[in-house]
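Engineer: Full structure from sequences and hints, please.
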Amino acid sequence: MTPTTQTPTATRSKADVGVEQKVQQLRDLYADAPELGKVALENGLPALKQELTAATAAQNAGRIGARQGRVSELTGIFPFAKGGAKRLRGLLQLLEGNFQGADKVGTVHDMRFVFLDNDTKLLFATAYDGEWDAYIDDFATKIPNAMDLLFCNAVGWPGIRSPKVKDWIVEHQISAEAWYVANPNLTVTEARRLERVGKAVEELLDKIG
Amino acid sequence: MVTTATPTKVKGSGKSASAQQKIQELRDLYADAPELSRKALENVLQELTDQVAQTPPPPVESAGRAGSRLGKVSELTLIVPLAPGGAKRLRTFLRLLGGNLNGADKVGTVHDMRFVFLDNDTKLLFATAYDGDWDAYIDDFATRIPDYLDVLNAGWEGWPGIRSPEAKDYLAKHQVTAEGWYVANDLTVTETRQLKRVGNAVTEFLDKISE
Chain A
0 MTPTTQTPTA
10 TRSKADVGVE
20 QKVQQLRDLY
30 ADAPELGKVA
40 LENGLPALKQ
50 ELTAATAAQN
60 AGRIGARQGR
70 VSELTGIFPF
80 AKGGAKRLRG
90 LLQLLEGNFQ
100 GADKVGTVHD
110 MRFVFLDNDT
120 KLLFATAYDG
130 EWDAYIDDFA
140 TKIPNAMDLL
150 FCNAVGWPGI
160 RSPKVKDWIV
170 EHQISAEAWY
180 VANPNLTVTE
190 ARRLERVGKA
200 VEELLDKIG
Chain B
0 MVTTATPTKV
10 KGSGKSASAQ
20 QKIQELRDLY
30 ADAPELSRKA
40 LENVLQELTD
50 QVAQTPPPPV
60 ESAGRAGSRL
70 GKVSELTLIV
80 PLAPGGAKRL
90 RTFLRLLGGN
100 LNGADKVGTV
110 HDMRFVFLDN
120 DTKLLFATAY
130 DGDWDAYIDD
140 FATRIPDYLD
150 VLNAGWEGWP
160 GIRSPEAKDY
170 LAKHQVTAEG
180 WYVANDLTVT
190 ETRQLKRVGN
200 AVTEFLDKIS
210 E
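Sequence order for the protein chains is A and B. First residue of the first sequence: 0, per numbering that gives the first Met the number 0; consecutive thereafter. First residue of the second sequence: 0, per numbering that gives the first Met the number 0; consecutive thereafter.
Careful, some of the hints might be misleading.
[Claimed, not checked] The list that follows gives simulated cross-link-like pairs (lysine to aspartate or glutamate, EDC-like), each with its CA atoms no further than 20 Å apart:
| hint | chain 1 | residue 1 | chain 2 | residue 2 |
| --- | --- | --- | --- | --- |
| 1 | B | Lys105 | A | Asp118 |
| 2 | B | Lys172 | B | Asp134 |
| 3 | A | Lys81 | B | Asp134 |
| 4 | B | Lys195 | A | Glu176 |
| 5 | A | Lys165 | A | Asp136 |
| 6 | A | Lys103 | A | Glu41 |
| 7 | B | Lys21 | A | Glu189 |
| 8 | B | Lys172 | A | Asp118 |
| 9 | A | Lys141 | B | Glu41 |
| 10 | B | Lys122 | B | Glu156 |
| 11 | A | Lys85 | B | Asp27 |
| 12 | B | Lys195 | A | Asp118 |
| 13 | B | Lys105 | B | Asp134 |
| 14 | B | Lys172 | B | Asp138 |
| 15 | B | Lys87 | A | Glu176 |
[What the hints assert, rightly or not] Counterexamples of contact, computed for chain B against chain A with all Cβ distances above 12 Å:
| hint | residue |
| --- | --- |
| 16 | Asp27 |
| 17 | Gly63 |
| 18 | Arg196 |
| 19 | Lys207 |
Simulated from the structure, these hints should not be mistaken for lab results. Note that CB positions come from ideal geometry on N, CA and C, so glycine has one too.
Structural biologist: Take a look at the structure:
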């Protein structure tokens with residue numbers, strides 16, 4: 000439907016009008032896009048309309064960061080202190096990807112450490128359950144030493160026990176502009192419970208069979 | 000760069016010796032670290048001894064052409080330069096969607112993904128967790144939501160289009176492999192959805208027999 004035919008009628012809901020307006024905004028927005036992008040927009044419009052209709056206000060994770068359902072994101076870029084990149088890389092290699100500490104925190108879905116710009120910066124990105132403040136508190140109470148080991152390699156890390164640590168994190172955190180989670184209402188704990196339920200059901204079915 | 004850790008030989012009693020070696024390497028590594036973290040290292044050493052000596056979880060492997068994989072779940076981290084006007088277009092697009100990226104549901108292998116603007120809107124960080132191997136993942140996007148992807152990537156400097164034979168080279172060139180990668184649950188998106196259904200069915204079942 001082109002915007003020129005857009006006559007608000009009694010049967011048309013407010014949401015539909017909103018979507019048409021958004022579609023028009025999208026067309027305007029992509030007017031100066033590369034040809035490829037413009038074509039893709041026209042081809043993708045039917046699907047996009049559904050999403051525009053479903054769009055709700057973005058949620059936030061509290062002090063900073065995006066949240067979808069019960070799952071939040073934290074993305075930070077931290078400049079490395081002198082020798083910090085080497086230490087952190089050595090630590091990560093010795094652990095061979097074994098982060099039992101994160102299991103202990105119990106609210107971490109995933110996390111990654113990425114070295115940027117010739118080892119001058121660290122990108123840390125994680126998906127976690129719930130609110131920002133509680134998440135940082137969890138790390139501080141459950142694995143304070145591991146936190147200091149990992150992040151002492153960044154410039155200015157005040158220490159996980161310092162009252163300044165939250166401000167320091169916020170300073171380096173960048174909220175995602177968009178955040179998608181496949182199963183937004185499933186916490187780490189709930190997923191683990193479901194795994195146990197699944198196994199129990201299998202056993203039960205085996206026994207019956 | 001792919002950080003495939005050298006596989007440690009675990010042969011009975013050799014196990015704790017290798018753990019001791021690793022602890023020593025850690026001490027050396029942190030010898031010139033700030034006081035705070037040397038102290039933290041000593042505090043955490045016992046824990047680390049247990050951790051490095053235990054049978055580790057499946058080792059972090061390569062996800063294929065680029066990226067790390069732990070068990071079934073892989074990571075892809077991209078930093079791409081944005082063309083002039085690209086950031087504004089993408090930001091407005093994402094805001095119009097209200098953060099609703101459910102097109103990714105169609106791909107079926109995406110656990111999570113984020114779009115983050117960096118360095119005064121000159122770069123975009125795209126980071127995702129997904130199931131399986133790199134090649135198959137990119138193919139999934141290309142076959143299931145090609146237009147959606149090209150709308151999103153229209154602002155990327157030099158993006159050849161997902162249908163282009165150069166698309167994969169472009170992605171690999173801008174990808175940075177994570178050197179540390181952790182995933183809590185070794186479940187694919189599909190398995191998780193199936194477990195949710197099983198969980199619901201069990202709850203219903205239990206409700207029924209307790210009626």
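Engineer: Evaluate each hint against the coordinates.
Structural biologist: Here is how each hint holds up against the structure:
| no. | hint | verdict |
| --- | --- | --- |
| 1 | B:Lys105 with A:Asp118 | 36 Å, violated |
| 2 | B:Lys172 with B:Asp134 | 14 Å, holds |
| 3 | A:Lys81 with B:Asp134 | 37 Å, violated |
| 4 | B:Lys195 with A:Glu176 | 29 Å, violated |
| 5 | A:Lys165 with A:Asp136 | 9 Å, holds |
| 6 | A:Lys103 with A:Glu41 | 48 Å, violated |
| 7 | B:Lys21 with A:Glu189 | 35 Å, violated |
| 8 | B:Lys172 with A:Asp118 | 17 Å, holds |
| 9 | A:Lys141 with B:Glu41 | 17 Å, holds |
| 10 | B:Lys122 with B:Glu156 | 9 Å, holds |
| 11 | A:Lys85 with B:Asp27 | 12 Å, holds |
| 12 | B:Lys195 with A:Asp118 | 41 Å, violated |
| 13 | B:Lys105 with B:Asp134 | 17 Å, holds |
| 14 | B:Lys172 with B:Asp138 | 17 Å, holds |
| 15 | B:Lys87 with A:Glu176 | 12 Å, holds |
| 16 | Asp27 | 9 Å, violated |
| 17 | Gly63 | 16 Å, holds |
| 18 | Arg196 | 10 Å, violated |
| 19 | Lys207 | 15 Å, holds |
Checked against the numbered hints above, the structure violates hints 1, 3, 4, 6, 7, 12, 16, 18; every other hint is satisfied.
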